[in-house]
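Construct the complete structure from the given sequences, taking the supplied hints into account.
First residue of the sequence shown? That's 1 in our numbering, and the numbers climb one at a time after it.
Calculated directly from the structure, the hints in this document are not laboratory data.
There's no promise every hint is true.
Each computed EDC-like pair below joins lysine to aspartate or glutamate, with the alpha-carbon atoms no more than 16 Å apart [said to hold, decoys possible]: (1) K234 to E116; (2) K132 to E222; (3) K234 to D117; (4) K260 to D278; (5) K260 to E107; (6) K292 to E107; (7) K292 to D248; (8) K136 to E222; (9) K227 to E131; (10) K155 to D127; (11) K260 to D315; (12) K200 to E162; (13) K234 to D115; (14) K196 to D176; (15) K39 to D54; (16) K374 to E98; (17) K374 to E361.
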Amino acid sequence: MFIAAVVVLLAALFGYMVGSHKAGKGDAQPTASASAERKVLYWKAPMDPNFRSDKPGKSPMGMPLVPVYASGEGGASSDVKIDPEVVNNLGVRTALVENGTLSQRLETVGYVGYDEDTITSINTRADGWIEKLAVKSAGDTVQTGQLLYQLFSPKLATAEREYLTALSSGSTSLIDASKQRMQALGFSSAQIRQLKRTRKVSDRVARYARSTGTVMSLGISEGAYVKPATQIMKLANLHTVWVLVEVDQSHAALLHVGQKATATFDAFPGRQWHGTVDYIYPDVSTMTRTIKVRLRFANPDLRLQPNMYARVTLDTRRPGEEAQPPYGAVSIPEQALIRTGQSQRVIVALGDGRFDVCPVEAGVSSGDRVQILKGLHAGQRVVTSAQFMIDSEANVSAAALRLGAGKSGCGKMPQASGPAPSSSDMAGMDMPDKSMPSMSAHSVPAESGSTTPTHPSTTLPAATMSGMPRRNRALDSQHKPRTAPLEDSGRQPR
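Spelled out as structure tokens, the structure:
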């Protein structure tokens, strides 16, 4: 009874497998005809999506290429699908790929600094006491001829008396010697002439500003005792200022002294300042790999103040060089370009939360845009924010080639989808054919030394294969696992 049930079950299973096999053959023709009706965009290798061809053939691995059709769901094999809600949460922004004009110019940022060529240190040339200090704090503005401080110094009074004595003697050599000594102690020519006219000695000598400036630092207070080494104050003229910027080392060839520069400041919207490159520092920063550049700007109305933030545009033309007209180019925002050590790529937005990783070849930069020589065309949209998250989502670090690094670009590649490679697509590989019969073997006693394979998917009779080695019972008995009781020796673990 049990044997009859087994026979019935095997017969039913055999009939089901034969029916499925025939149905598969019958469905193959409609699928092939449906595929033929669709437009083939390109051909790809089933095991290497990076290899693409515009005609049928074989891949470098010797496998027939698989067609990719224009219609279908899911997008191309290199697409990244992200839920629209996640896209919104990531703050993904896109920008249009434009075909416009670019001109070579460098844009950078910097800050305003004092023109160190105008900085003056104020020191006294004799010991004494500051009896009056006209400047009260750093940041004060002084004008030419304004009183800075008044110094009481017996040494200066002695020099005045010696000069008057020389005048009384009438000796030209004594007069010249005493006059030179007063000049060495800091007396101005106007003060010497006044002393000669009034013949009145004063123990208190005033010091006046020789130029207009701003007090950078104040090192003393009223009543302080000072020496010649004491720096009383430091002045700087703000009618000219420096703007210090940093330029990437890749643009070093575009920098030169005398280069024209334009600066704008957030505090004065709509207004521009024009200056020149005054100095290019000789070293490259080891931290940022940038070159420090010093610009000089006129500041007649003193609107520009030290440490103000500036946006600077550098004209790359050299002195005497005629202006070159802008040239047409496909360009994208600078922040959309992802640069790595060996490649450049962008994330193209395909719509409906789909993104594609596209390799590109970048050209020159102009302001906040960069030229694209290969890989994109006008009208596409590229991701300008959160592109690194999408790039990471695409597993670029481990599969950049799989996601498009080996493609010729996304500039003219239509949105496409293709069937996943199956075993039937891989005819060049030693893969099992669905049309070939399968085989199974009945278990037989080990003593018989033979096996009987059957072919359930065909009508072939069972076959008997002899020559199989018999099991050696003696060896089996020797290889049986042995067990031994564990004894507690009472030893402590080391």
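Hint check:
1. For the suggested pair K234 and E116, the alpha carbons sit about 11 Å apart, so the restraint of at most 16 Å is met.
2. The hinted pair formed by K132 and E222 meets the criterion: a straight-line CA distance of about 6 Å does not exceed 16 Å.
3. About 13 Å separates the Cα atoms of K234 and D117, which keeps this hinted pair within 16 Å; it holds.
4. Taking the CA atoms of K260 and D278, the gap is about 10 Å. The hint holds against a cut of 16 Å.
5. A hinted pair counts as satisfied when its Cα atoms are at most 16 Å apart, and K260 with E107 qualifies at roughly 12 Å.
6. Restraint check for K292 and E107: the C-alpha separation of about 14 Å stays at or below 16 Å, so the hint holds.
7. Taken as a hint, the K292 and D248 pair is honoured in the structure, with Cα atoms around 9 Å apart against an allowance of 16 Å.
8. A distance of roughly 9 Å separates the Cα atoms of K136 and E222; the hinted pair therefore holds under the 16 Å criterion.
9. Under the criterion of a C-alpha separation no larger than 16 Å, the hint pairing K227 with E131 is consistent with the structure, at around 14 Å.
10. Restraint check for K155 and D127: the C-alpha separation of about 7 Å stays at or below 16 Å, so the hint holds.
11. Of the supplied pair hints, the one linking K260 and D315 holds, its CA atoms being roughly 6 Å apart against a limit of 16 Å.
12. Between K200 and E162 the alpha-carbon distance is near 12 Å, which keeps this suggested pair within the 16 Å criterion.
13. Between K234 and D115 the alpha-carbon distance is near 13 Å, which keeps this suggested pair within the 16 Å criterion.
14. The suggested pairing of K196 with D176 holds, with an alpha-carbon distance near 13 Å, which does not exceed 16 Å.
15. Of the pairs offered as hints, the one joining K39 and D54 holds, with about 12 Å between alpha carbons and a cut-off of 16 Å not exceeded.
16. The suggested pairing of K374 with E98 holds, with an alpha-carbon distance near 13 Å, which does not exceed 16 Å.
17. For the proposed pair K374 and E361, the alpha carbon gap of about 5 Å is at most 16 Å, so the pair holds.
Every hint, counting from the list given before, is met by this structure.
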